[in-house]
Amino acid sequence: MIVLFTDFGLEGPYTGQMKAVLHRDAPAAPAIDLFADAPAGNPKAAAYLLAAYAAWFPIGTVFLCVVDPGVGGRRAPVMIEADERWFVGPDNGLFEFILRRAKRAQVAAIAWRPEFLSVSFHGRDLFAPVAARLAKGETPPSRAHQPLRHVDWPDDLAEIVYIDHYGNAITGLRASAMAKESVLSTASRSIAHAETFSAVSPGAAFWYENSNGLVEIAVNLGRADAVLGLKIGSPVAIAT
Amino acid sequence: MIVLFTDFGLEGPYTGQMKAVLHRDAPAAPAIDLFADAPAGNPKAAAYLLAAYAAWFPIGTVFLCVVDPGVGGRRAPVMIEADERWFVGPDNGLFEFILRRAKRAQVAAIAWRPEFLSVSFHGRDLFAPVAARLAKGETPPSRAHQPLRHVDWPDDLAEIVYIDHYGNAITGLRASAMAKESVLSTASRSIAHAETFSAVSPGAAFWYENSNGLVEIAVNLGRADAVLGLKIGSPVAIAT
Amino acid sequence: MIVLFTDFGLEGPYTGQMKAVLHRDAPAAPAIDLFADAPAGNPKAAAYLLAAYAAWFPIGTVFLCVVDPGVGGRRAPVMIEADERWFVGPDNGLFEFILRRAKRAQVAAIAWRPEFLSVSFHGRDLFAPVAARLAKGETPPSRAHQPLRHVDWPDDLAEIVYIDHYGNAITGLRASAMAKESVLSTASRSIAHAETFSAVSPGAAFWYENSNGLVEIAVNLGRADAVLGLKIGSPVAIAT
Chain A
31 MIVLFTDFGL EGPYTGQMKA VLHRDAPAAP AIDLFADAPA GNPKAAAYLL AAYAAWFPIG
91 TVFLCVVDPG VGGRRAPVMI EADERWFVGP DNGLFEFILR RAKRAQVAAI AWRPEFLSVS
151 FHGRDLFAPV AARLAKGETP PSRAHQPLRH VDWPDDLAEI VYIDHYGNAI TGLRASAMAK
211 ESVLSTASRS IAHAETFSAV SPGAAFWYEN SNGLVEIAVN LGRADAVLGL KIGSPVAIAT
Chain B
31 MIVLFTDFGL EGPYTGQMKA VLHRDAPAAP AIDLFADAPA GNPKAAAYLL AAYAAWFPIG
91 TVFLCVVDPG VGGRRAPVMI EADERWFVGP DNGLFEFILR RAKRAQVAAI AWRPEFLSVS
151 FHGRDLFAPV AARLAKGETP PSRAHQPLRH VDWPDDLAEI VYIDHYGNAI TGLRASAMAK
211 ESVLSTASRS IAHAETFSAV SPGAAFWYEN SNGLVEIAVN LGRADAVLGL KIGSPVAIAT
Chain C
31 MIVLFTDFGL EGPYTGQMKA VLHRDAPAAP AIDLFADAPA GNPKAAAYLL AAYAAWFPIG
91 TVFLCVVDPG VGGRRAPVMI EADERWFVGP DNGLFEFILR RAKRAQVAAI AWRPEFLSVS
151 FHGRDLFAPV AARLAKGETP PSRAHQPLRH VDWPDDLAEI VYIDHYGNAI TGLRASAMAK
211 ESVLSTASRS IAHAETFSAV SPGAAFWYEN SNGLVEIAVN LGRADAVLGL KIGSPVAIAT
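As they're listed, the protein sequences go chains A, B and C.
Using my numbering, read the first sequence as starting at 31 and increasing by one per residue.
Using my numbering, read the second sequence as starting at 31 and increasing by one per residue.
Using my numbering, read the third sequence as starting at 31 and increasing by one per residue.
For chains that are exact copies, the list does not tell them apart, and a pair is met inside one copy or across any two.
Keeping only pairs whose Cα atoms sit at most 20 Å apart, straight-line, the calculated SDA-like set for lysine to any residue is:
| # | residue 1 | residue 2 |
| --- | --- | --- |
| 1 | LYS210 | SER148 |
| 2 | LYS74 | PRO232 |
| 3 | LYS74 | ARG105 |
| 4 | LYS133 | GLY90 |
| 5 | LYS210 | GLY102 |
| 6 | LYS74 | SER228 |
| 7 | LYS261 | GLY39 |
| 8 | LYS166 | ALA58 |
| 9 | LYS74 | GLY252 |
| 10 | LYS166 | PRO57 |
| 11 | LYS210 | SER150 |
| 12 | LYS74 | LEU251 |
| 13 | LYS210 | VAL149 |
Hints were generated in silico from the structure; no laboratory data involved.
Work out the full structure, taking the sequences as your base and the hints as a guide.
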C-alpha cells in the first residue's frame with residue numbers, strides 16, 4: 031500500500047499526476063490518500079501529524095510524503111526505512127518524529143534521477159517513481175546520508191497543527207503524555223477533558239484523545255476553529 | 031462495490047483511513063466516494079440525500095454511511111438490508127427513508143466489536159470492517175434490533191439539504207411528487223420550473239428535476255446559494 | 031487509463047457517480063482524477079489547461095472531459111482521437127487546443143444514446159459509458175461531425191486560467207513561447223522570471239515555467255492570488 035501525505039489538495043492537477051505515475055510504475059499497489067491538506071509549506075507542523083498517523087498503518091506501508099517548500103533548492107531527497115515502513119520525501123524536518131520515535135531507522139539520499147526532473151514538482155518526477163519501486167520490493171539507487179535533524183523541536187508541540195473538516199483543532203501533543211485532569215488554555219479559554227462529544231453540553235469546548243492519539247480540541251455541535259479563533263500555529267498552554 | 035456516504039471530507043485523514051481498512055479487509059471491492067460532504071452532523075438532511083442517491087446504484091451495493099454526531103454516545107451501530115442493497119452506519123435517522131421507501135428491509139444491530147474501538151471514529155474501527163465483510167458476502171455477528179424511527183419527518187422535505195460545487199441548492203423534495211407548474215418560493219423570490227439551464231436567461235433562477243430525481247434550485251450562469259442566500263436548512267415554500 | 035477532467039468537485043455526488051459507471055463498464059481501467067476543479071462553466075479557460083496537462087499523459091490515455099455549461103442544450107457530444115489519445119466531452123470549445131496542436135486528429139459526434147439520459151448529467155449518463163468503451167478498445171457508434179472551432183481564441187492566453195491549492199496563478203501562456211527576460215505585469219505589479227521559489231525573497235512575486243510548461247505566477251512563502259488579487263480571468267500583460 032502506498033499512502034499519500036501531501037499539501038497538494040486532492041483537486042488540482044498534483045495528486046492526480048502523482049497517482050498516474052504510481053499506477054504506471056506499480057499498478058498492483060493501491061494508493062491511499064491520507065492527507066492532501068497537510069499544513070501547507072509547513073514541514074514542522076506536518077511532522078507531528080505524520081508521526082501520529084503513520085503509526086496506525088501496517089508494516090510494509092510506503093509513505094509518499096510531500097510538504098516541500100524548498101523544492102528546487104538544495105534540500106536532499108531521501109528514503110527512510112523506519113520500523114519496517116518506508117518514507118519517501120524531502121529532508122526538511124518532515125521525518126523528524128518518524129526518526130526520533132523509531133526503534134530502528136535507516137536514512138539514505140535518493141541517488142536515482144529521472145530523465146526529466148521539473149524544478150517544482152519532485153513529487154511527480156522523483157518521489158513517486160521511488161515510492162512505486164519500494165512498493166514493488168525494489169530498492170532504488172541511494173547513498174548514505176546524514177539527515178538534517180531538529181533537536182530543538184519538542185517531543186510534543188503545544189500548538190494547533192491541523193484543523194479538520196468539522197473545525198476540530200488537532201494539536202501536536204500526544205494524549206498519552208497528558209493527565210486527563212489537565213486543563214488546556216487557548217484564546218483566553220480554559221478547556222477541560224471529556225471522553226466524547228456527547229459528554230458535554232452543546233456549544234461547550236473540550237479536549238479529548240483523538241482516534242490517532244493526539245490531543246484534539248472540539249466544540250460539541252460547533253466548530254472549534256471558529257468559536258475559539260484557532261488556526262494552524264495557534265499556541266495552546268497546559269494550564270494544570 | 032462499496033459506496034462511501036460521509037460528512038468526513040475527502041481531505042483530512044478520515045476517508046483515507048477508512049479506505050485503508052476497506053482495502054485491507056476487502057481488497058477486491060472498489061470503494062467509490064459518493065458524498066464526503068453530506069450535511070455535517072445532520073442525519074435528517076442527509077437521510078433525504080442518501081435515499082435519493084442510493085436508489086441509482088445497482089443491487090448488491092454496500093453503502094458505508096457515516097453522519098454520526100452521536101459517536102461515542104448510545105446510538106446503536108446497525109446494518110440494514112433493503113431491496114438487496116446493504117447499509118451500514120449509526121441508527122440515528124440516517125436510514126429513515128431507506129426504510130420507509132423499501133419494499134423489503136431488515137435491520138440488525140452490529141454485535142461484532144473490534145479489538146480497538148476508538149471513541150470518536152467508528153467509521154474506521156467498526157463500520158468499515160463490517161462493510162468490507164458484507165462486500166465479500168460474509169455476514170458479521172448481529173442481533174435483532176428495532177431501529178429508531180422518525181415518523182414525524184415528512185416524506186418530502188421542503189428545505190435545502192445540500193449545496194453543490196456550483197452553488198446549486200438541492201431540496202429534500204422529490205420531483206415526481208411535484209407538478210411542473212408548481213412555483214417555489216424562497217428568500218422572497220418566486221422560482222418557476224425549467225427543463226434545463228439554457229432554457230432560462232443568464233442570471234435567472236429556476237427549479238428543475240436533478241439527475242437523481244430531487245427538486246434543485248439553480249441560477250443560469252450563477253450560484254443559486256449566493257444569489258438567493260440559500261444554505262442547508264433554508265426553507266422552501268411551494269407557492270402553487 | 032481514464033483521466034477525469036471536470037468542474038464537478040471531488041466531493042458532492044458527481045465524480046463518484048461517474049466513477050461508479052466507469053467501474054461498472056470498464057473495471058480494469060484505473061480512473062485518475064486530474065482536475066475536478068477546472069474553471070467552472072468556463073470551457074475557454076479550461077481548454078488551455080486541458081491541452082497543457084493532457085500532453086503529459088502517455089499514448090492510449092482516454093480523457094473524460096466535462097466542463098459543460100450548455101448541458102441539456104444543443105451542443106454536440108463528441109469523441110476525438112488526437113495523437114493516439116482519446117477525448118470525450120461536449121463540443122463547446124473545450125477541445126480547441128487539443129485540435130489546434132495535434133498532428134493528427136479525428137472528431138466524431140457520439141451517436142450512441144443511453145436508455146436513460148438525464149437532462150443535466152451527461153457526464154454520468156453519456157460521456158462516462160463512452161469513455162469506458164474506448165478504454166476497453168471498443169468504438170461506440172458515431173457519425174462524422176464538424177466541431178465548432180474558435181479561431182479567435184489566441185494560441186496563448188494572457189490571462190489567469192487556474193488558481194491552485196497554494197494560491198499560485200496559472201496562465202494560459204506556454205513558457206516555451208516566452209523569453210526568460212520577459213516581465214509580466216498584472217495588478218499594477220511587474221513580475222520577473224525566477225527558476226524556483228527559493229531563488230526569490232520571502233514575499234516576492236515571480237513567474238516560472240510550471241511542471242506542465244505553463245507560465246505560473248507565484249509568491250515565495252505566500253499566496254499569489256491573495257497578494258496580487260488574481261482570479262480566473264484576470265489579465266496579464268507581457269511588459270517586455
